[in-house]
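J.: Below are the chains, spelled out letter by letter.
4 protein chains.
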Amino acid sequence: MSLPKYKIINDPVYGFITIDHPLLFKVIEHPYYQRLRRIQQMALASLVYPGAVHTRLHHSLGAYHLMCNALIQLKSKGISITPEEELGAKLATLLHDVGHGPFSHALETTLMSVVKHEDLSLWIMEYMNDELDGQLQTAIDIFKNTYTKSFLHQLVSGQLDVDRMDYLARDSFFTGVSEGVIGYDRIIKMLTVHNGELVVEEKGLHSVEKFLLSRRIMYWQVYLHKTVLAAEKMLVNIMRRAQQLIHNGIELSVPSKALQYFLTKKLQRNDIQAALPIFCTLDDVDVMCAIKAWENHTDLILQHLCRGLLNRNLYKIHLQNEPFENDILQQKSMEYATKLNVDGSDVHYFAFTGEAINTLYNLHEERITILFKDGSTKDISEVNNTLVHKTFANPVKKFYICTLK
Amino acid sequence: MSLPKYKIINDPVYGFITIDHPLLFKVIEHPYYQRLRRIQQMALASLVYPGAVHTRLHHSLGAYHLMCNALIQLKSKGISITPEEELGAKLATLLHDVGHGPFSHALETTLMSVVKHEDLSLWIMEYMNDELDGQLQTAIDIFKNTYTKSFLHQLVSGQLDVDRMDYLARDSFFTGVSEGVIGYDRIIKMLTVHNGELVVEEKGLHSVEKFLLSRRIMYWQVYLHKTVLAAEKMLVNIMRRAQQLIHNGIELSVPSKALQYFLTKKLQRNDIQAALPIFCTLDDVDVMCAIKAWENHTDLILQHLCRGLLNRNLYKIHLQNEPFENDILQQKSMEYATKLNVDGSDVHYFAFTGEAINTLYNLHEERITILFKDGSTKDISEVNNTLVHKTFANPVKKFYICTLK
Amino acid sequence: MSLPKYKIINDPVYGFITIDHPLLFKVIEHPYYQRLRRIQQMALASLVYPGAVHTRLHHSLGAYHLMCNALIQLKSKGISITPEEELGAKLATLLHDVGHGPFSHALETTLMSVVKHEDLSLWIMEYMNDELDGQLQTAIDIFKNTYTKSFLHQLVSGQLDVDRMDYLARDSFFTGVSEGVIGYDRIIKMLTVHNGELVVEEKGLHSVEKFLLSRRIMYWQVYLHKTVLAAEKMLVNIMRRAQQLIHNGIELSVPSKALQYFLTKKLQRNDIQAALPIFCTLDDVDVMCAIKAWENHTDLILQHLCRGLLNRNLYKIHLQNEPFENDILQQKSMEYATKLNVDGSDVHYFAFTGEAINTLYNLHEERITILFKDGSTKDISEVNNTLVHKTFANPVKKFYICTLK
Amino acid sequence: MSLPKYKIINDPVYGFITIDHPLLFKVIEHPYYQRLRRIQQMALASLVYPGAVHTRLHHSLGAYHLMCNALIQLKSKGISITPEEELGAKLATLLHDVGHGPFSHALETTLMSVVKHEDLSLWIMEYMNDELDGQLQTAIDIFKNTYTKSFLHQLVSGQLDVDRMDYLARDSFFTGVSEGVIGYDRIIKMLTVHNGELVVEEKGLHSVEKFLLSRRIMYWQVYLHKTVLAAEKMLVNIMRRAQQLIHNGIELSVPSKALQYFLTKKLQRNDIQAALPIFCTLDDVDVMCAIKAWENHTDLILQHLCRGLLNRNLYKIHLQNEPFENDILQQKSMEYATKLNVDGSDVHYFAFTGEAINTLYNLHEERITILFKDGSTKDISEVNNTLVHKTFANPVKKFYICTLK
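Residue numbers (this note's numbering), protein chains in the order written: chain U, 1 to 405; chain C, 1 to 405; chain P, 1 to 405; chain W, 1 to 405.
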């Protein structure tokens with residue numbers, strides 16, 4: 001079969017995305033990649049922002065598009081990048097999220113608590129690499145940051161990478177939260193490489209500043225929106241209750257075999273690689289279908305939580321800057337225990353506290369380096385007169401309490 | 001519980017949508033309405049346009065928003081509309097699509113072949129009206145076009161209604177097809193009522209013309225895009241094969257009880273109303289979950305179709321202006337019968353022909369009337385110098401043949 | 001002085017425009033090019049669309065940007081284009097409008113009636129070419145269509161050139177007329193070269209169709225908007241009256257020497273080249289400053305027209321499909337002659353008729369050729385099922401009458 | 001003459017602006033208001049951002065549109081606003097900038113140094129009020145903040161007024177600087193009145209934060225962009241040199257009588273009101289026409305500056321956080337004095353220093369008050385966890401040196 005020379009995909013965010021290499025086609029056509037169509041990028045945020053139903057597949061195509069642009073820029077500035085490295089960086093970007101499970105971050109701690117999605121992405125890439133006779137090796141090296149030109153890894157995964165640029169641009173587009181709009185065009189135009197590291201030219205300073213602040217605003221207004229938090233907690237509790245019922249030997253039909261596998265087994269890190277092919281059949285559909293089946297289960301806790309999530313009857317949530325007094329939780333718990341006739345040890349499904357954290361700029365991880373016209377460089381947090389000071393590098397914490405409505 | 005006075009919803013298309021009446025809240029919070037979150041507006045179009053994953057719920061909120069704007073306009077021009085009529089028109093718009101089943105039009109002919117979705121919408125409204133002590137009566141009268149002020153019905157459902165305006169605006173937004181962008185703002189500003197009928201002021205002529213042409217372009221470029229057609233045919237064939245297997249007594253596990261019900265029963269029009277509560281639990285999740293389960297079924301036809309849809313390995317489709325010679329289909333069919341060892345009577349799952357139709361402007365249905373400054377009116381197809389002539393009212397037909405890749 | 005390697009310019013329409021060759025800088029920095037900052041692209045359209053104040057300079061930068069994109073596309077499809085040809089095509093685009101005079105088309109017939117702006121552009125390019133030691137020669141050859149690769153000329157100036165694409169995109173952007181939005185991105189992606197001619201791939205058919213229709217809508221809704229017409233007629237009449245007064249020896253101070261020159265001299269085609277340096281100092285400012293000076297002139301006709309234009313007190317204009325009866329004009333003329341005590345031979349400044357013409361697609365000029373997958377080509381007007389038929393190639397004419405308010 | 005009932009104006013930023021009261025028409029049609037068409041909102045910023053050629057008229061229409069929306073919001077929340085107050089607030093917004101002179105702020109210190117444009121706006125409103133038999137009285141009271149409901153004044157002129165919201169939205173739109181985009185829709189939805197003062201509901205906190213930061217970014221990236229600064233200094237120096245030459249009795253033809261008046265007279269504050277009718281004929285055209293005339297003046301300083309501005313050959317400018325050493329300026333000055341044979345006392349036209357100041361949030365002026373759900377209020381600078389701290393209220397100062405290229 002002769003593959004088409006190139007293919008263009010309409011994207012409401014960037015206009016068009018061009019795919020122009022047979023290996024990119026093969027990867028995109030792979031069932032493991034197509035699975036990302038069935039995983040929503042923003043999990044349950046669409047319960048608050050109805051437009052936010054875009055998928056991991058769309059996001060990774062978008063990040064790939066920004067990577068293409070960034071590579072064109074860097075090459076036009078004389079940075080040496082071979083065609084193989086270019087393809088590697090594009091493939092690494094396409095596949096950077098291939099290890100995400102259903103509902104992205106929301107279920108990371110429940111279904112796959114022993115492994116981070118980045119590790120899963122790597123393992124799946126390695127699996128595909130075998131299938132493709134090693135053609136993904138450069139991509140894998142870049143992804144793992146073992147490739148010599150570290151700026152390529154920094155483009156894939158860093159404080160100012162194409163992943164973050166795309167998700168901020170895409171998430172603000174689909175939510176309609178104009179406060180999150182970033183000038184990705186300008187940032188990319190200002191990228192360059194200095195002493196082997198990715199840096200931003202001085203003229204891009206305000207755009208980077210804006211990028212960091214948009215991220216901050218998107219966290220508070222969208223990602224950590226209290227109703228979104230409440231919905232994700234409800235989803236997590238549904239999975240936990242299902243695991244508990246199975247563990248206790250209560251009959252629970254799970255419509256998807258893959259989901260049943262992950263709910264039943266207590267996988268250790270060593271078991272995961274063997275379970276990868278099953279993991280790669282798992283997506284949002286399996287989880288939602290189970291929840292739809294369970295809304296009539298005899299276990300009243302499971303039933304209540306499932307109906308709540310399906311019909312958008314979520315927890316009541318309250319946020320504040322200080323931790324909640326233990327009394328309040330205690331009191332609510334007793335109230336439910338009595339009123340709903342729930343066992344005291346199960347009342348945490350209906351009343352619980354927790355904390356939400358937002359870091360603007362992580363001083364200890366990758367840094368954003370500004371390159372000045374005189375050739376000197378500074379970390380953005382040290383540039384005079386920016387809004388990003390060391391104090392902003394401290395995580396901001398909020399405390400929440402969730403209860404039944 | 002005291003309901004909030006008003007609520008604003010972020011919408012990437014219009015900015016903000018305001019909900020400002022308790023009855024609107026109640027309807028939106030109803031599980032039958034919330035179900036629309038799980039039905040994609042454009043069914044499988046996202047296989048071509050990855051951004052097109054927006055939902056029926058989002059579309060009906062959008063149409064509601066345009067209705068709000070249209071009512072404000074008409075009132076500002078002195079058209080008499082009572083608060084009750086206003087609320088009725090808004091409710092009718094919110095609920096106009098509540099009768100859509102999974103994958104919208106794609107499965108209308110398979111799962112619910114005896115009833116149109118408009119009838120289902122009406123029946124569900126009537127059901128909800130009972131629950132709400134008759135508060136939806138005006139909405140129902142407007143929807144059925146039995147209400148005296150027929151312009152209200154024309155706003156809900158006509159050649160230039162808020163439904164069409166929203167789906168064109170929304171679908172071009174989410175697909176990124178800029179050719180489909182319409183000037184809904186301007187059209188709405190130009191609406192008025194003349195002799196009891198909805199008309200467009202002369203100054204809006206070009207915007208209406210553009211609206212009709214955008215619709216035409218969206219049909220050919222998106223709704224009837226050949227890959228979208230191929231995917232929808234595959235989905236329909238999956239459901240047909242499943243029905244056939246069940247009918248033949250082949251064991252087939254259907255993860256969703258509601259889907260099983262509709263696949264198994266041969267419902268007549270009279271049975272439907274009784275089946276409404278089950279219908280109202282059915283959505284895209286049920287169908288996708290079944291397809292995921294069936295991709296390993298022993299029936300090779302079902303297996304092949306399910307894997308094709310999940311992994312975007314669709315039919316090859318060819319379109320032309322004339323019908324296909326019977327020979328071509330015949331030949332392909334025999335080829336598959338031999339190669340795949342498929343029964344001759346089943347080979348139509350792998351090779352078949354059909355037609356796609358697009359009507360720009362339906363002369364026989366509702367008309368678009370232009371109001372001139374001198375007080376005279378004309379149907380748009382009779383206005384001198386427009387692109388919309390009677391010839392365009394003829395449906396344009398294309399013929400397709402689908403085969404395996 | 002070392003020139004910067006590249007420069008990016010913020011453009012609200014396309015995001016960023018990149019200038020990346022020293023010769024491009026030199027041309028942009030030239031006073032003849034900078035003059036285009038002081039000529040509004042849409043002349044007096046801002047009297048109706050207040051945002052439409054963008055300049056010829058901005059438009060030609062935009063057309064240059066689209067040319068850059070088109071060249072990248074063609075090269076990526078294997079079309080051979082040398083760096084010199086690339087630079088030539090870019091320069092020809094940058095300079096294609098450098099011969100426009102004040103208020104663009106509006107005053108073409110008054111101040112420079114013997115030469116078209118395209119000829120002026122060419123002569124100015126040749127003048128600059130001398131200054132630049134022949135570095136503009138390829139650009140000039142492409143512009144004149146004497147260069148062997150005629151597709152380059154077609155990109156600069158044809159039925160589907162970067163000039164038209166930019167002015168439609170830019171004019172709809174700045175007017176806010178969403179009906180005019182075109183999918184320039186997609187059209188450019190679909191361009192290719194076949195037998196040495198610029199053609200559009202079949203998949204771009206709908207976008208081209210949309211492009212032609214947008215142009216039609218922009219003509220009726222914007223370029224030939226009746227108030228815009230009225231304003232332009234008023235401007236033309238102001239210049240004519242000034243010429244007449246000067247010719248009649250009435251004292252008239254003209255604040256700008258350049259404008260005085262062109263109002264006074266009766267230039268023949270042969271005189272123009274000598275007058276080029278003066279022409280190249282003339283812009284909107286000269287004309288507006290004169291009009292501001294003349295609003296207190298003792299000639300009541302001139303005074304009235306100048307005040308009308310400055311304070312947006314324009315002619316009343318009426319359009320219809322048939323020519324106006326001579327009686328109506330006659331009657332109005334006599335009315336004014338009496339009421340305003342104006343000489344009968346001057347009454348045409350206050351009451352006159354004329355015609356406005358709009359051609360959708362010019363069959364006799366350059367054609368738009370569609371390339372089908374099977375390698376065949378067709379003129380768009382011959383493609384089955386498009387809206388562009390030969391009938392649309394006929395100009396559509398409207399008749400107007402202008403009178404005082 | 002019967003005025004139209006309403007008129008809609010296309011605006012690329014907001015879609016449509018509706019004018020719906022005869023008095024609004026009268027004011028808009030007034031020559032004093034129409035003059036604002038000929039004053040660019042961003043003065044010389046278009047030398048860097050070519051799209052930024054929008055006018056004061058367009059800005060004040062935009063601010064008026066936001067005022068309309070804000071009033072609708074407040075009324076929908078039960079705030080009592082009479083029709084007269086509504087009209088007054090709209091008129092005050094329309095006219096808030098009617099006192100701007102040519103090139104807005106750039107020439108404020110040269111041509112009209114003794115009066116601020118706000119005072120001129122007020123005096124012109126009072127003048128028009130006489131003409132309109134007192135119909136502008138409420139507007140004037142609101143503008144002067146003598147009207148009882150002070151929130152109306154705060155909407156017209158405060159830390160978060162429709163003026164600022166429009167200029168940020170409009171200026172980022174026309175420059176294409178996406179970093180400046182603000183969520184004006186959301187801010188307006190969140191406005192309310194508490195104890196008679198304009199406040200923002202808690203849910204609008206992030207949008208306000210974003211608004212303040214966008215303003216900051218627009219200042220550094222656009223308003224105080226070094227090339228824009230350089231151009232404005234050149235314009236100011238041209239006017240100063242012209243004044244000096246006139247004062248020294250050097251012959252200097254000024255094409256506009258109004259400009260000649262203001263260049264020649266040394267007006268005191270008391271003289272201004274008498275000079276208002278002349279001021280109201282002055283706009284950008286007068287200034288640009290003079291500069292075009294002077295580019296061939298025998299005074300080499302004037303000639304050089306005028307040519308520089310017309311051909312975009314501007315000062316070289318350097319910015320830094322500390323004041324420049326006197327030596328550097330001294331040295332440059334001597335260099336020019338020798339090389340250009342310029343008198344030592346005139347060398348400041350070619351080499352000079354100065355400072356640019358940007359205040360994010362002015363603690364001492366109007367404040368932005370946040371209203372919490374519990375009914376309490378706080379100034380935004382005191383809200384926990386915002387980026388706007390008291391430290392940001394301190395002005396940020398940069399120092400510049402301008403020299404010849």
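The set of hints was computed from the structure by calculation and includes no laboratory data. Hints are not guaranteed to be accurate.
Identical copies carry no separate label here, and so any pair may be met within one copy or between two of them.
Said to hold, decoys possible - Straight-line alpha carbon distances no greater than 16 Å define the calculated EDC-like cross-link-like pairs of lysine to aspartate or glutamate that follow: (1) 257 / 295; (2) 405 / 29; (3) 226 / 202; (4) 26 / 130; (5) 7 / 202; (6) 226 / 335.
J.: Given identical chains, is residue 405 near residue 29, meaning Cα to Cα at most 16 Å, within a copy, between copies, both, or neither?
T.: The answer is between: 14 Å across copies meets 16 Å, while 45 Å in one copy does not.
J.: Is the C-alpha distance from residue 7 to residue 202 at most 16 Å within one copy, between copies, in both cases, or in neither?
T.: between (36 Å within a copy, 14 Å between copies)
J.: Using 16 Å as the alpha carbon limit, work out where residue 257 and residue 295 are close: within a copy, between copies, both or neither.
T.: between (19 Å within a copy, 12 Å between copies)
J.: Can you give me the call for residue 226 and residue 202, within, between, both or neither, at a CA distance of at most 16 Å?
T.: Result: close only across copies, 14 Å inter versus 37 Å intra.
J.: Should residue 26 paired with residue 130 be assigned to within, between, both, or neither, using CA atoms and 16 Å as the limit?
T.: Close inside one copy (14 Å), not across copies (54 Å); limit 16 Å.
J.: Indicate which option fits the pair residue 226, residue 335 if close means a Cα-Cα distance not exceeding 16 Å: within, between, both or neither.
T.: Answer is neither; intra-copy 23 Å and inter-copy 59 Å both fail.
In summary, the structure is inconsistent with hint 6 from the numbered list given earlier, while agreeing with all the others.
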